[in-house]
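Undergrad: These protein sequence lines map, in sequence, to chains S and G. With numbering that gives the first Met the number 0 applied, the first sequence covers 0 to 411. With numbering that gives the first Met the number 0 applied, the second sequence covers 0 to 411.
Any given hint could turn out to be false.
With a straight-line cut-off of 35 Å between C-alpha atoms, the simulated DSBU-like cross-links for lysine-lysine are [as the list claims (entries may be wrong)]:
#	chain 1	residue 1	chain 2	residue 2
1	S	Lys226	G	Lys385
2	G	Lys52	G	Lys116
3	S	Lys385	G	Lys226
4	G	Lys226	S	Lys226
Among the chain S residues that face chain G by a calculated CB cut under 10 Å, a handful are [to be verified]:
#	residue
5	Leu32
6	His33
7	Gly151
8	Ala173
9	Ile238
10	Phe286
If you want the ones that stay clear, here's a sample from chain S, every Cβ over 12 Å from chain G, calculated [said to hold, decoys possible]:
#	residue
11	Asn47
12	Gly48
13	Pro64
14	Pro72
15	Asp162
16	Asn207
17	Lys226
18	Cys258
19	Asp290
20	Lys311
21	Leu323
22	Asn353
23	Ser398
Everything labelled a hint here was simulated from the structure, so no lab data went into it. The beta-carbon is built from N, C-alpha and C at its ideal position, and this holds for glycine as well.
There are 2 protein chains.
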Amino acid sequence: MRSVANQWLREVLLTLYRRSTATRAEIMAETGLHASSVSQAMRPLLRNGTILKVGDLESNGAGRPREVFNLNPDAAYFISVDLEAQRIRFALLNFVGDIRYRWEEATGWDERLEVNKVFHGIRMVLRNLDSRQLSRVLAVGISYPGMLDDQGRLTAFNLGLHDFPLLSELREKASAHRMDHLPVFIEPDRHSAVVAERWLGRARGYQNGLLLFVERGIGIGLFLDGKPVEGWRNMAGEIGHLMIEPGAEDLCGCGKRGCLEAIASSPSMIRQYLESTGQPSSNLSAFRITDVFEKARQGDPAASHVVERAGKAIGLALSYAINLLNPQIVVLGGDLTSADDLFLPRIEREINQNGVPQLTRGIEIAVSALGLDMRLKGAGALAFRKSLADPALLRKMCSPVSLARGSVLPAT
Amino acid sequence: MRSVANQWLREVLLTLYRRSTATRAEIMAETGLHASSVSQAMRPLLRNGTILKVGDLESNGAGRPREVFNLNPDAAYFISVDLEAQRIRFALLNFVGDIRYRWEEATGWDERLEVNKVFHGIRMVLRNLDSRQLSRVLAVGISYPGMLDDQGRLTAFNLGLHDFPLLSELREKASAHRMDHLPVFIEPDRHSAVVAERWLGRARGYQNGLLLFVERGIGIGLFLDGKPVEGWRNMAGEIGHLMIEPGAEDLCGCGKRGCLEAIASSPSMIRQYLESTGQPSSNLSAFRITDVFEKARQGDPAASHVVERAGKAIGLALSYAINLLNPQIVVLGGDLTSADDLFLPRIEREINQNGVPQLTRGIEIAVSALGLDMRLKGAGALAFRKSLADPALLRKMCSPVSLARGSVLPAT
């Protein structure tokens, strides 16, 4: 019985997290739970301040006004970490998924992942909290690029990592930094991106979609028939290494030539621009991708050619994914969000040219609105969802909240 | 309560269908049902002869010998129809999925689908049954190539069909042939192929796999995380129209040039062989794909080149699907089953060359053993599964069986 009641708690909390606000009737509709189960779950949550009544809606017929609830933003905190290239980004997320504090650790273009920096960053986030808040930090969610094998080793070509022992490093360094009391949940970046887009972004309500993000690497998140696609070893989604131009000279971080990532990732676009304008490739890290985009907008032929080629390659790769998987929506993220004027028409043209009309007809090609926070928010959301499954963490988030609301942290 | 008991019946019958034989303990393990539920479901099934005790196993410890059960082959029949190119194939399947009778209707290379032939073929199958058997024919399962839209219109480039009103034609012609009492379940050929491979073939027990079949067209069946992939409009799996050689001359049935199907389908391979040997393309239907394979085996340069190019294209397309989806097994079917000596090494080489090593390492590339019966068996299995969900059909298959076993039909 206890575990049934926990299951009701979980479903009510998850519904409020995903919807942000909800009435009892909406919670019942979304969870499929009976009124009595919803009431039984909500009673202790309201008493302890885990959820709050935030208003009343007028009755939609006979009866009393409908009460509206949301999560208490200060009932729990999560730290999210995004192992991006060039930097590690950190955020403190409150219980409604808002970012309350940010931190960044820089890493060079060619620097190996230094796991000490992960814990240093977490410490820099935690020092903003008082002891009562610290007691409500539930977990850390880490979003990683690339592929993790079943021994916890990470291969991320765009970070220069091959069989990097991520899990054992995290365990070891957590202990060295005396943070082993904090549960750490790690997720492929494509999962954190997909959850962010499906819970908070453009893909909300869709059952079949692709989320493509172009940055230092190129990744894709897939959700089909309502569920994220995992694959045999949880490695589905390596679109960056489709051999999109067999015979091309462009060398990829994976060691092959002609991969999508070698043509259309942000550093690959910068490299091609530098090469075709006769500049030394050592300029790579001094140049920003937005510079290339800006030059293309001004009609610079070299920059235009680079963008044209990358857009064509991305569109062709997407046509493959669309033909194979029949998604309803494709969301473009990462650096593409700052250049949709350049890329969107090119990508759409290529998809229409190469995709099967029955599959491309009516498909939505959209640009993400979450920007750089996409994976940070997604990693936090996933840490929340995994915390729900842990009875001790669930108990913690449902324990009485004694904080004054919004009293301490500066909004960012 | 009635529907709960029906659910137990369904799970017991489905388990016996998939396993062919099973003990009570195996049924419990596979369904997760309690002993009492399994017993309650099996009692009427045994009494009515829907299932049969076929033997005893020695006890695996203390206790009595374990009884082994299977389905009564004559408790129900299904007709399966495979809308292949060049012919429509029919089979009568008994309750254990064995083919008891076959029929074929020819269609020309370029002939439009004639739905009257579907019902004529069904009639030719049914005339072999006496009235008691006829009363146990539960349903027809039709396997179709291509894509069916939400108005029931079929587009199958390799059959020359564009928006062909398949569903309304089936309804109309069923009525004209006075067969509208027979439930008809239609399934994409990739689903029937996947079910056959997963229930009866090489992919049994796998959770993530691809099934590629090369014939007049090229199709792929996907199952990921244990489930078939459907996509937004139930059209996932159009690997035949990946633009595998942009700029190539080869014209595809879909109107584009350079699709996988235009290079590696069986008629495309024959066409290329005829072209490169200066023969008129009107020879297309006189030539068989096995002739091209045989010439390639004898070292004929034109045939070898065709096979080489097709194998490379198939391997490249598979590397895309593998990178995107991380399957554990790839099963090759259709005409490839008669030329695995020619294709398998070429395809494996291409997959290894173009796929991400983390995803290709340890992957199994296998050739289907089901041959031409793959889709017929799969369509029958799917008709069985859908009949389970229909209370009237479930009642029919569980009603007392009065036939002497195996008394009537010739085995084929």
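Undergrad: Look at each hint and say if it fits the structure.
TA: Here is how each hint holds up against the structure:
1. Lys226/S with Lys385/G: holds (23 Å)
2. Lys52/G with Lys116/G: violated (40 Å)
3. Lys385/S with Lys226/G: holds (23 Å)
4. Lys226/G with Lys226/S: Holds, at about 11 Å.
5. Leu32: Constraint on Leu32/S not satisfied, violated at 20 Å.
6. His33: Violated - the Cβ of His33/S stays beyond 10 Å from chain G, reaching only about 19 Å at its closest.
7. Gly151: violated (14 Å)
8. Ala173: violated (26 Å)
9. Ile238: holds (6 Å)
10. Phe286: violated (28 Å)
11. Asn47: holds (36 Å)
12. Gly48: Holds, since 38 Å exceeds 12 Å.
13. Pro64: holds (38 Å)
14. Pro72: Holds, because the least Cβ-Cβ distance between Pro72/S and chain G comes to about 34 Å, which exceeds 12 Å.
15. Asp162: About 9 Å separates Asp162/S from the closest Cβ of chain G, which leaves it inside 12 Å; violated.
16. Asn207: violated (4 Å)
17. Lys226: At about 7 Å from chain G, Lys226/S fails to clear the 12 Å cut-off, so the statement is violated.
18. Cys258: violated (9 Å)
19. Asp290: Asp290/S clear of chain G: closest Cβ-Cβ about 30 Å, beyond 12 Å.
20. Lys311: violated (9 Å)
21. Leu323: It is violated; Leu323/S is separated from chain G by about 6 Å at its closest Cβ, not greater than 12 Å.
22. Asn353: Check fails; 4 Å does not lie beyond 12 Å.
23. Ser398: The claim holds: Ser398/S sits with its nearest Cβ about 35 Å from chain G, beyond 12 Å.
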